[in-house]
Amino acid sequence: MNKHSNDWLVGATVLGGMAMIVAATLWLQQAEFGQERATVTARFRDVGNMAVGNQVVIRGVQAGRIESIALADSGWVTAKLTLDPGIKLPPDPVVLIQAATLFGEWQAVVTRREGAPQIREVYNQLDDSLNAPRGALPGAVLPDIAQLTSVAGGIAGNVASVSERVRLAFNDSAARELRLTIRNFSTMSTELTRTVRTQSQNLDIIAAGVRAGVGDLSAGAAALQRSVGRLDSATSQGEIAQILRETQRAAENLRETSERLNAISRSLQGSEGSLSSILMRTDSIMRRVERGEGSLGMLFKDPSLYRNSDSLLLDMRSLLADLQKNPKRYINLSIF
Amino acid sequence: MIEAIGRGTREAMEAIGSAGRLTIEAGRALRDVRTWGPNFSLQARQLGVDSIPIGILIALFTGVVLALLASYSFTGAVPRYLVGTLVQKTIMMELAPVLTGLALAGRVGANIAAEIGTMRVTEQVDALETLSFDPVAYLVVPRVLAGTLMFPVVVGVAMFVGLFAGWGASLMLLDLSTPEFLKGARLFFDGFDVRYGLVKSASFGFAVTMLASTAGLKTRGGAQGVGAAATSAVVQSAVMILVLDAFWAMVWLLGRAR
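Chains A and B supply the protein sequences, listed in that same order.
Quick note: the first sequence uses this note's numbering, first residue 1, plus one each step.
Quick note: the second sequence uses this note's numbering, first residue 1, plus one each step.
Here chain B stands alone, though its shape is the one from the complex:
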């Protein structure tokens, strides 16, 4: 058992170390714009633009369910306009970033890990090095930049859609009037809510793409290794999203609450 604990600790430290080393290498590779620049827009489209429908779908249903849940929960003396408050706060600060991040972790993380892992097992990464291309600058940096930039865009759209979905559900299903919903939504709204959600989603994008790239570059073996890398990337990304969610809450919200 002691050996298992030691092995687990070592593997965790190795993962953190390799991710940190890759992060440092990616930071250095940022200067090599000519290498990662041409790939950025393609990655931004694949990771961001193509993910918008998923973000919209998630936000749409989340907004509706949240409005119904709030109406179900707020009974008695609780004013109904607080449905708007709950939808606004929850969608913008928590559900849109986290649910969209988790969905993109599956889609983007698996995509990146499988793509880079396949290139690794087919020695295309080695070929890049042979051709004097920095594989980190060519493969990792555009994906990480695209993920960090496009995750907030997708989450921002999800926030907007989620809020309107909650509004529409309140109007059509809950007999709540528009002024009531808006009163609740505006009651405790602060620009910080949006900033908090967007910054959090940017960190999710960075973590997902970085972990997926690390898993891809570490792929060994054949198709089985690629599958394992994709699975590992998705699991690690999902866990990291939840960890970062708690991290930002403790660092940012706790400070403001005091």
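Just chain A, same shape as in the assembly:
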């Protein structure tokens, strides 16, 4: 092979190799030529673990890359975001930096301000960067996975502690007891099954009774329905209304009677005093009679007077008999 062919072959190989490398690099970097790529700047207090080359995402779709990250004045960090051709930012945009995966991959999410998570710290960061002197998209960093993993680490520690306690508690004797318990439980389950089977037969009988009872109830309900129907028809003919009117009148009469009874009761209350004084006087008289005071007392206490009175009565009775027998002896009537 002559010198010129060597030169051509080497040149072609070098050019081909370079072209291949450049093409692969551009392809992996998703470089596009002839199309305008918009660039926006976002301002943060902290960019977390975000790095140049991380993707920019809008509504979950990759829309560009982080072009550069630089420290700025007054404690700011500015990040330049290159957007793919044709990508338009949402209205009132903010940039949120967050972990994209559990493997340390971060991304910048461009979203509407109201689409930001309802976290006070995030809103404080956004407000802070919004009030920055120079115009740039406000940005904030969402809590990274490290904070979550630290919490998860604590939980894992607790779980480990609990599992250790379980391991200590679940020794051979516990296992035996558990086995025994399971066996007992199995026996109990068998017994329960048998009982249920037995009771199910009783339940069938009860169900039959209940069914009959329900039939009776249905019949009763039908009778009640008929009665209600009749009552309804009676109501519709005005008998009930008449009964009610008569009842009302009876109630009025009863009320009048009650009022009269009240008046009588009041007058009885007045007579009660008089009666009481009469009784008291009578009682006094009776005590005097009993003591033999006065004429009546002497009459009751002196037996001779009783005897005289008794003989007097006998005399009077004989006199009366003689008078009836011989009236002319005692009575002389003359006219003229």
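Some clues are possibly wrong.
[Claimed, not checked] For lysine-lysine, the following DSSO-like pairs were computed, each having C-alpha atoms within a straight-line distance of at most 30 Å:
hint: 1; chain 1: A; residue 1: Lys80; chain 2: B; residue 2: Lys183
hint: 2; chain 1: B; residue 1: Lys183; chain 2: A; residue 2: Lys88
hint: 3; chain 1: A; residue 1: Lys80; chain 2: B; residue 2: Lys89
hint: 4; chain 1: B; residue 1: Lys183; chain 2: B; residue 2: Lys89
[Stated by the list, open to error] To give an idea of the chain A side of the interface with chain B (calculated C-beta under 8 Å), a few residues:
hint: 5; residue: Val10
hint: 6; residue: Val14
hint: 7; residue: Gly17
hint: 8; residue: Thr25
hint: 9; residue: Leu28
hint: 10; residue: Gln30
hint: 11; residue: Leu71
hint: 12; residue: Glu105
hint: 13; residue: Val109
To be clear, the hints were calculated from the coordinates, so they are not data collected in a lab.
For every residue, glycine included, the Cβ atom is placed at its ideal position computed from N, Cα and C.
Based on the hints, put chain B in the right spot on chain A.
Positioned in the frame of chain A, the structure of chain B alone reads:
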């Protein structure tokens, strides 16, 4: 034992010294373009163009195996698209430069050491000096330049082929979709990955050709000496590739990781 340690230290220092002296002489000889220029394209073809099939073969199988290995390793919560990430990073930054460098160390290093060693034992090198040719400019510089320039080309092709081989294996053997593989490959891709691999491979090319030329020029005796020189060149080149690989990782990657 003390004597053996001293002898070993002396030989190591002599090797480093002679390689350094040859490097300085080659640097000086770079100005003598008329001497090394005509030989450059021939050496570039022999060391570079003719080595491309080996680089492609190595990258092809490496890409396939790497995709399968990644799929085997990534289980459970690890997303499958990271197969693309692993293939891209590993092929571009490590396997394509190192494996291709080791393969070329055997092929190119042995070739150069045997060629120059034969010329040394047959006194052709002495004849060049007699004819007022600088043997370093005539023999060493074109080979070192060709190796330094063409190793990155071969490694670049190997990177490309390895990446596509991994892609094809993911599609055909792993039921991974193209968007998934590309997502993984693009996820952590950085232009630095390519630069790192190419610069590393250029250093490998320089080291292999320089060590092989040194071994060739130091050849003594007959065919046995030539064989020993070729063996020494291959061994030294392989070791130097691994040393340089660690060197670049510590110098360049460690700095970026911080």
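Evaluation of the provided hints:
1. A/Lys80 with B/Lys183: holds, 22 Å
2. B/Lys183 with A/Lys88: holds, 23 Å
3. A/Lys80 with B/Lys89: holds, 26 Å
4. B/Lys183 with B/Lys89: holds, 13 Å
5. Val10: holds, 4 Å
6. Val14: holds, 6 Å
7. Gly17: holds, 4 Å
8. Thr25: holds, 5 Å
9. Leu28: Holds, because the Cβ-Cβ distance from A/Leu28 to chain B comes to roughly 4 Å (cut-off 8 Å).
10. Gln30: holds, 6 Å
11. Leu71: Cβ of A/Leu71 sits 17 Å from chain B, so the hint is violated.
12. Glu105: holds, 7 Å
13. Val109: violated, 16 Å
Checked against the numbered hints above, the structure violates hints 11 and 13; every other hint is satisfied.
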